[in-house]
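Here is how the chains run, residue by residue.
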Amino acid sequence: GAVVSQHPSWVICKSGTSVKIECRSLDFQATTMFWYRQFPKQSLMLMATSNEGSKATYEQGVEKDKFLINHASLTLSTLTVTSAHPEDSSFYICSALTGGYGYTFGSGTRLTVV
Amino acid sequence: DAKTTQPPSMDCAEGRAANLPCNHSTISGNEYVYWYRQIHSQGPQYIIHGLKNNETNEMASLIITEDRKSSTLILPHATLRDTAVYYCIVRPSNTGNQFYFGTGTSLTVIP
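Going down the list, the protein sequences come from chains A and B.
The opening residue of the first sequence carries number 2 in the working numbering; numbering runs sequentially from there.
The opening residue of the second sequence carries number 3 in the working numbering; numbering runs sequentially from there.
One or more hints might be untrue.
What the hints assert, rightly or not - Just the calculated beta-carbon pair ranges, DEER-fashion:
(1) B/Asn99 - A/Ser108: 20 to 28 Å
(2) A/Thr81 - B/Asp69: 33 to 41 Å
(3) A/Val63 - B/Thr105: 16 to 24 Å
(4) B/Arg18 - A/Ser55: 16 to 24 Å
(5) A/Gln61 - B/Gln47: 26 to 34 Å
Unchecked claim - These stretches of chain B come out as covered by chain A in the derived footprint (C-beta under 8 Å, 3 or more residues):
(6) 44-50
(7) 55-65
No lab work stands behind these hints: they were computed from the structure.
By construction, the Cβ of each residue, glycine as well, lies at the ideal position given by its N, Cα and C atoms.
Extracted from the complex, chain A is given alone in its bound form (with noise of 0.2 Å):
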């Protein structure tokens, strides 16, 4: 079946930095991915959508300019996160879109900011 591969697994940084995370869908071409943000006991929140060779679309309330997603091939998405801070501490989960069965995620990033 579809997968998406997702990297790096967990990541600590110090505040002010930037992060990125990849998102690879590994057999299959994903012209559209998405981009979630889950704190501790909560569900997911969608952030944004990738759209490949485009601009993302991203949802009301996200800082475009803070959470920066890149889509330059149909197999890899990017979301950096700049400047961040502790309160962008979180998990982060990336999805594409899988015909009929909907949407395939990635395991989930863990952001630390320290």
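Chain A is fixed; fit chain B onto it per the hints.
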């Protein structure tokens, strides 16, 4: 997209059937019912989806009421590994539209 309502938590004895309800009274005619689950600290996993007819696969069964206003996910023989948060989502299929997650049901399978 139609909203869904699920109980926040449920328990189930290991080996018994787990029946997870979902209310989607405002569902539209072209919206499918999808079920996903999320085991702690992992990405959500697809379980099953359906439009009007009941569906079954190797993981679960999906029972959709005739008026489509509610559905039930059935895990026929729950195991400890089925402990997870289960999300019921309704949306049109294959449109590329976003998935919006509700609060889900936290299922605990008890030995």
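Annotated coverage of the region 44-50 of chain B by chain A, confirmed only when three residues or more have a Cβ within 8 Å: Per the Cβ count (5), the hint holds.
Cβ contact check, 8 Å cutoff: the region 55-65 of chain B against chain A, three residues minimum: violated (count 0)
Cβ separation of A/Thr81 and B/Asp69, checked against the hinted range 33 to 41 Å: Violated, since A/Thr81 and B/Asp69 (Cβ atoms, about 46 Å apart) do not stay within the stated range.
Assessment of proposed distance window 20 to 28 Å (beta carbons of B/Asn99, A/Ser108): With Cβ atoms ~23 Å apart, the hint holds.
Status of the given 16 to 24 Å range, CB of B/Thr105 versus CB of A/Val63: Cβ of A/Val63 to Cβ of B/Thr105: about 20 Å, so the range 16 to 24 Å holds.
A/Gln61 paired with B/Gln47, Cβ distance criterion 26 to 34 Å: Hint holds: Cβ distance 28 Å, inside 26 to 34 Å.
Assessment of proposed distance window 16 to 24 Å (beta carbons of B/Arg18, A/Ser55): Violated, since B/Arg18 and A/Ser55 (Cβ atoms, about 49 Å apart) do not stay within the stated range.
Hint check: violations occur at hints 2, 4, 7; the rest are consistent with the structure.
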